[in-house]
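Participant: Given next are the chains, with one letter for each unit.
Number of protein chains: 2
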Amino acid sequence: MPKPERHVFVCLQNRPEGHPRPACGQKNCTAVAEEFFFNLQQSQLFDKVQVTTTGCLGPCSEGPSVLVYPEGVMYGRVRKEDVATIFEEHLVNGKPVERLLMSREFWD
Amino acid sequence: MPKPERHVFVCLQNRPEGHPRPACGQKNCTAVAEEFFFNLQQSQLFDKVQVTTTGCLGPCSEGPSVLVYPEGVMYGRVRKEDVATIFEEHLVNGKPVERLLMSREFWD
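Heads up: the sequence lines are chains A and B, in that order. If you count by my numbering, then the first sequence holds residues 3 to 110, one letter each, in order. If you count by my numbering, then the second sequence holds residues 3 to 110, one letter each, in order.
Just so you know, the hints here were simulated from the structure itself, not pulled from any lab data. A quick note: this is a predicted structure, and the numbers were derived from the prediction, not measured. For each residue, glycine too, the CB sits at the ideal point set by N, CA and C. Be aware that a few hints might be false.
EDC-like mimics (lysine to aspartate or glutamate), calculated; alpha carbons at most 16 Å apart, straight line [as the list claims (entries may be wrong)]:
#, chain 1, residue 1, chain 2, residue 2
1, B, K50, A, D49
2, A, K5, B, D110
3, B, K5, A, D110
4, A, K5, B, D84
5, B, K5, A, E91
6, A, K50, A, E73
7, B, K97, B, D84
8, B, K5, A, E107
9, A, K50, A, E107
10, A, K50, B, D110
11, A, K50, B, D84
What the simulated footprint calls covered on chain A by chain B, stretch by stretch (three residues with Cβ under 8 Å from a Cβ of chain B suffice, anywhere in the stretch; the number is not a length) [to be verified]:
#, region
12, 16-27
13, 42-56
14, 59-66
Use the sequences and the hints to build the structure in full.
Facilitator: Take a look at the structure:
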């Protein structure tokens with residue numbers, strides 16, 4: 003198994019209703035993760051890109067959170083509709099998608 | 003929230019008994035993850051190190067799997083007893099622990 007060129011981590015953290023801290027799980031993160039897996043399957047770029055789901059990545063109020071290494075680029079408020087753009091522009095072509103970056107207040 | 007200098011990802015993937023693919027969840031990965039969180043808490047290095055649990059990281063037969071970015075260094079067969087060494091030598095001091103590296107057959 004080769005080490006991927008880019009590894010995307012998608013938060014799937016959930017919290018019970020009424021919990022004082024929000025969670026990506028309340029904001030459709032599962033659809034975001036599924037869309038990354040779908041894009042990977044469609045592209046067949048298994049040697050280049052890896053997709054992994056995670057527990058809490060930290061900036062819960064700004065989720066769904068998506069983190070790309072080795073750059074350490076975090077995206078916030080990611081919608082299913084944004085995934086193909088992140089996949090193509092950043093994961094495949096190496097150019098982070100500026101308009102979807104997490105606010106520097108939360109990840110800098 | 004600052005971007006950490008090093009971000010360690012600990013696989014917590016489980017699979018039902020009898021599943022043809024092994025899983026880190028059958029190999030005490032929860033204790034490994036808890037030990038990373040314990041080391042982080044003890045060190046108070048929250049600005050420098052981040053610990054995140056994950057779904058499957060890939061090399062299931064060699065788990066528990068632990069992955070460190072931005073280097074993209076993967077450790078295999080990690081035991082709770084190994085965590086303090088990885089934490090101190092690699093996450094804090096930046097020197098990967100050679101003897102615990104995942105075999106290059108599985109991550110290269």
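Participant: All hints are to be evaluated individually against the structure, with a verdict given for each.
Facilitator: Hints, verified against the model:
1. B:K50 x A:D49: violated (30 Å)
2. A:K5 x B:D110: holds (5 Å)
3. B:K5 x A:D110: holds (5 Å)
4. A:K5 x B:D84: Distance of about 23 Å is beyond 16 Å: violated.
5. B:K5 x A:E91: Violated: K5 (chain B) and E91 (chain A) sit about 22 Å apart, past 16 Å.
6. A:K50 x A:E73: holds (15 Å)
7. B:K97 x B:D84: It holds: about 14 Å lies between the C-alpha atoms, which stays within 16 Å.
8. B:K5 x A:E107: Holds, at about 11 Å.
9. A:K50 x A:E107: Not satisfied, since the Cα-Cα distance of roughly 31 Å exceeds 16 Å.
10. A:K50 x B:D110: Measuring from Cα to Cα gives roughly 12 Å; hence the hint holds.
11. A:K50 x B:D84: violated (30 Å)
12. 16-27: Three-residue rule not met by the region 16-27 of chain A, so violated; n is 0.
13. 42-56: Coverage by chain B holds for the region 42-56 of chain A (4 residues, Cβ < 8 Å).
14. 59-66: holds (count 3)
Hints 1, 4, 5, 9, 11, 12 from the list above are not met by this structure, while the remaining hints are.
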